[in-house]
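J.: Just so we're aligned, residue 0 is where the first sequence starts under numbering that gives the first Met the number 0, counting upward by one.
None of these hints come from the bench; they were simulated from the model. Since we're looking at a predicted model, the values are computed, not measured. Careful: at least some of the hints might be erroneous.
With a cut-off of at most 30 Å between alpha-carbon atoms, the simulated DSSO-like pairs for lysine-lysine come out as follows [as the list claims (entries may be wrong)]:
no., residue 1, residue 2
1, K404, K434
2, K421, K506
3, K140, K299
4, K420, K436
5, K237, K299
6, K336, K237
7, K293, K404
8, K420, K59
9, K463, K421
10, K450, K421
11, K237, K265
12, K59, K237
13, K196, K140
14, K237, K151
15, K381, K336
16, K381, K434
17, K420, K299
18, K466, K59
19, K450, K436
20, K293, K237
21, K256, K381
22, K59, K101
23, K33, K336
24, K101, K256
25, K293, K347
26, K401, K420
27, K506, K466
28, K345, K265
29, K421, K434
30, K434, K466
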Amino acid sequence: MNREVRVRFAPSPTGALHIGGVRTALYNYLFARKTNGKFLLRIEDTDQTRFVQGAENYIKEALDWLGISPDESPWNPGDCGPYRQSERKPMYMQYAMDLVEKGHAYYAFDTAEELDAMRERLTAARVVSPQYNSITRTQMKNSLTLPEDEVKARLASGEPYVIRIKIPRKEEVRLNDLIRGWVMVHSSTLDDKVLMKSDGMPTYHLANIVDDHLMGITHVIRGEEWLPSAPLHVLLYKYFGWEETMPEFAHLPLLLKPDGNGKLSKRDADKHGFPVFPMDWTDPNTGEKAMGFKEQGYLKEALINFLAFLGWNPGDHREMFTLEELVEAFSIERIGKSGTKFDINKAKWYNEQYLRAKSDSELAGYLMADLELEGIPIEADKAAQIAHIMKERATFPADLWKEGKFMLIAPSAFDETVASKKWNQDAVTVLNAYKEKLSVFSGGFNPETAKSLLEAAAEENGIKLGKVMQAVRLAATGVGAGPDLMAVFSIIGKDELAQRIGFALEKLSV
RNA sequence: GGUCCGUUCGUCUAGGGGUUAGGACGCAUCCCUUUCACGGAUGAAACACGGGUUCGAUUCCCGUAUCGACUACCA
0 MNREVRVRFA PSPTGALHIG GVRTALYNYL FARKTNGKFL LRIEDTDQTR
50 FVQGAENYIK EALDWLGISP DESPWNPGDC GPYRQSERKP MYMQYAMDLV
100 EKGHAYYAFD TAEELDAMRE RLTAARVVSP QYNSITRTQM KNSLTLPEDE
150 VKARLASGEP YVIRIKIPRK EEVRLNDLIR GWVMVHSSTL DDKVLMKSDG
200 MPTYHLANIV DDHLMGITHV IRGEEWLPSA PLHVLLYKYF GWEETMPEFA
250 HLPLLLKPDG NGKLSKRDAD KHGFPVFPMD WTDPNTGEKA MGFKEQGYLK
300 EALINFLAFL GWNPGDHREM FTLEELVEAF SIERIGKSGT KFDINKAKWY
350 NEQYLRAKSD SELAGYLMAD LELEGIPIEA DKAAQIAHIM KERATFPADL
400 WKEGKFMLIA PSAFDETVAS KKWNQDAVTV LNAYKEKLSV FSGGFNPETA
450 KSLLEAAAEE NGIKLGKVMQ AVRLAATGVG AGPDLMAVFS IIGKDELAQR
500 IGFALEKLSV
């Protein structure tokens, strides 16, 4: 089999795309690029009741933002369209009928109440797993138990029905998962899953197999939650006679909660204050809001790198990978088997790494955007200077402004603990002298001159500069910690600095 | 309950019949820095348990525990 590799990401438009889905999309993308194959996106919207307006667009936007856009999709169709299952609706019935004719599927007329009654009966009889299967179907209303005439009559009368797969009673179903190896399940534990719903829509199981076949999918890379139904899918390929081109399966380990156990959910996000969605999202029905990595200040490079390492590693000690480098290094064999707890600290660390790697001018852009919102004017050059000295201590672009505020806004209050410890007569003396020197200084004001003036102010009064440095910082910035003070002074400018010192001298008492 | 899947530092993981079990995040200490941060160095920290197989098992096999997924006319 030397077919061109074709993989797909097949989300349901039922809300914001979960970060786990983003990872699945990423792995599909990486595999496609690595093998010079195609990455397709198919919208699985067969459940009309769960359709959410805007969800599909959200998926598109999120993948576009991260730079992992599909080669074929509803908005960029290839030769295998349509790419929305709802638009493929007319295609599925014939395949279901094919199975019925071959004796691998049958009509079932049971109502929801009858199904409930059956399950209750089974539960009461202490049957281990109440399900519609090779045993119980003999007691239900379907084309296997009803006389042929009646089946025809029911169909003709327009009575609602579903089509169920007829799972064989005794058969070992095997599949070779690329990540987990051979998985074997006995057909007796499988149930007769519904293939066609009474509304004429296929279920996931049918649509998925038909579409993957029709779209020439060679590898199914999806979440581990699908592993239990994979044997059913294998059976379907067999019954359709598509075994020769059945895709290979790779079931990805799940993303877990950072604490305790269970799947990562939006609740965890809210509880810990971190996002689990790529971008902000407001549910159009409930109005419920969810925050996104993008809006929280995560850089796409960082998110990609972080996500790639959630369940995969290159086999060596490298940690930093661009998308291109990931493509180069990626292989399904190196995907782990066990669930992965979500550690937001690692994501932050990645963000810091990528933030620091950015140029001052690019970072200045973020800062200027924030400042514009605040209504504070600033020149690009000054913004770049601030970005330069702030980027070593920022996690997110917004920190440039948040943590560097004092360079643009004079302090109105002073950190009390620092003041009580460091504000003394010597500091007042030096600051007075420094202020005086600043007011008469007419040369170029830069970190060097700022420092020599300060040194002179201290020396002339016989005071060790080190002793009053903290107080000087406090006077100029209001706080006791920050970037190199002389660089800060240079950015603040001498007049503004003198003014701030004057204010501090007034406000603080020894 | 049943089926399936997994189990190496707190977390992400490398490794694999004989290793001082390696790296990263986080944490701690020290250095650098007239502060903080960055950076550098150091440190604490792991093979779930019980049986086999073997000269030897963390690594292979079996069992137990435990985690998780699935168990819908949802995907």
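J.: Identify every previously stated hint that the structure contradicts and give their numbers, smallest first.
T.: 3, 5, 8, 11, 12, 15, 17, 18, 20, 21, 22, 24
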